[in-house]
Amino acid sequence: MSFAHVIVLAVLLAGFAMSLTAHEFAHAWTAYLLGDGFAKRQGRVSLNPFRHLSLLGTLAMFVLHFGWAKPVPVNLYNFKRPRLYYFLTSLAGPAANLLLAGACWGAMHLTRRCYAVDAPWGSLLEAVHPLLFLMLLINVILAALNLLPLPPLDGSKIWPVLFRSVRPTFSGKATWISVGLLVALLWTDSLDPVFNRIRTAVHAIAPESDADVYERHYMAGLVASSDGDLELADRQLTVALALHPRSRDAWAMRACVRSDRQDHAGALADIDQAIALDPSDPEFHDHRAIYLEWLSRPDDANTARALATALRGPAEGPDAADAPDEQEREDTERP
Amino acid sequence: MFLIRWARTLLALPFVTAGRLAGTFKLPAAVPLLKIGYAVGDNYEVALQALSLLFTTYGPQVAHAQGRAWLERRRCGAAIAGFTGLTALTAEDVDEARALLDLGRGCGEDPTGMTDLLAMGLAARSGDPRDVSNIIHALQQRNDLPPMLSRMVLSERMENALARRDFAEARALAMRMLDIEESPSARVILWACERKEGRSLTADEHLAAAVNLPPWHYWYLRAEGEFALDNPQGLEEARRKVYEENEKMGQHFDRFLALQGQTA
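Protein chains in written order, with our numbering: chain A, 86 to 420; chain B, 174 to 437.
The following block holds chain A by itself, in its conformation from the complex (with noise of 0.2 Å):
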């Protein structure tokens, strides 16, 4: 497991543990603006996640990529009208979750133009988005998942406002039968279809960062030079490189397909700019050689040549470097 892995585990428990507590605060909170103060009593009515984490929740994150904390209990009886308040009480869950969507939501938007702050500001942005949209999808599933008509779920609590026939509580063999129904539905995964509706949606409606768009650009400018249509790569890396002009490997791949099409003063112009950004890599300096050949400008390309061989290092000789290197290049970047 790389850092990255722990650092995106980490943020996943602290983004549930936090969409879990909102989520039991709201219920106890409500409860107790409605008049049910034995929430308060219990000690929920607090942002504080160990308030509300259950430990058996907590570890099923583990296993079951999902969790749950400990319900809050409301007592009817407190309310003035016991129906309408527990349907408000049961609906202030999922709407904390959303509510908390809508903050990522809105983060994402403040977080999303990574490419016009200079480092190391920008690079925190391009981090921090993609862990809120994780903090997005988890609290849309979780009010989803929520308003399933199952005890103990929100959405079981929902009925009775529907139904007059239906009384607000339910018996503990229905919960315990209807959380096993649950746990087994979460360990098969036979939620996942609806699971990866969700996170389509979201990701429909989630504001792209720079850095997204700028990655789908690049990589159809990767495909499109595969594919052979050079015209459609120099568009899709041009556009790649106005949101992100700092993209080394952006510069030195529209060289090379501006090479490809024959366009070598473009691609000189290119493999400068890559060589501005990053002066260390020889590659780069390789490549400017063979422009500046094509150009007829030889003792610019040795000059280019030596400098690639001087970064190379001395264990390393010029003919022994640029032939696999031109080849893994030939492999790897061009048609």
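Source of the hints: derived by calculation from the structure; they are not laboratory data.
Remember, it's a predicted structure, so these values are computed and weren't measured experimentally.
As a list, the in silico DMTMM-like pairs of lysine to aspartate or glutamate whose alpha-carbon atoms are at most 20 Å apart:
(1) LYS165/A x ASP317/B
(2) LYS421/B x GLU265/B
(3) LYS125/A x GLU218/B
(4) LYS165/A x GLU329/B
(5) LYS414/B x ASP377/B
(6) LYS421/B x GLU329/B
(7) LYS258/A x GLU354/B
(8) LYS165/A x GLU355/B
(9) LYS125/A x GLU282/B
(10) LYS369/B x GLU409/B
(11) LYS258/A x GLU218/B
(12) LYS155/A x ASP215/B
(13) LYS199/B x GLU218/B
Covered stretches of chain A (chain B as the covering partner; in silico rule of three or more C-beta atoms under 8 Å from a C-beta of chain B):
(14) 116-124
(15) 133-145
Computed list of chain B residues with no C-beta within reach of chain A, every gap over 10 Å:
(16) LEU276
(17) GLY300
(18) GLU367
(19) ASP403
(20) GLN406
(21) GLU409
(22) TYR416
No residue lacks a Cβ here, since even glycine has one placed at the ideal position from N, Cα and C.
Starting from the structure of chain A, add chain B where the hints point.
Frame of chain A; chain B shown alone:
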């Protein structure tokens, strides 16, 4: 400190989960599992579940002995003291129940409301209606009671309204209870209200829905209803039935009648 608590909770988790599951399906392994869970995790909620299962499976004495043992050996817990007091009260040991109420109140906060429940039980057991009336009045003002206690307060208010022959309030309170959950007591109250209105068919339907009540309770409420309806014949029959089912509650009903200025 916090890490130690979570480590203990983690160790107790398999026992508590298995115990709760076994308890839901009334399996004998539930109590020992929950006792181990409490010993390891030190969570009062687990102790209450174990005591509750002991109470329903083996009776109040066994539950009381276990509660007392925990209170003496482990740290003071208001909820455990309250529940143990309730078991003492069920076993007719009023002095012990009172002592446990004092102990529980001295232990600090009681998030479960067990001490309030015990105080209510003690007032009801005192035989003095003023005690009950006072505590009902005090509890009625609060909004942090557990559902069980709120239900008891509402039941008491329903019966008081019937005893005062305030049928409108008795009906409103019974309807409120039925809006939340099915309640045979509320059904008997509604039976009396419907009888008062002369709707005997609806009254009988309510009575049919009250069959799940313990017989003494059913006849006690019927007797209260007959009293409110001024039906001496029905009252005498219901009173006799209460005596047949539970002599002590029969005596309790006679005290109720005496307070209302009627003799049996």
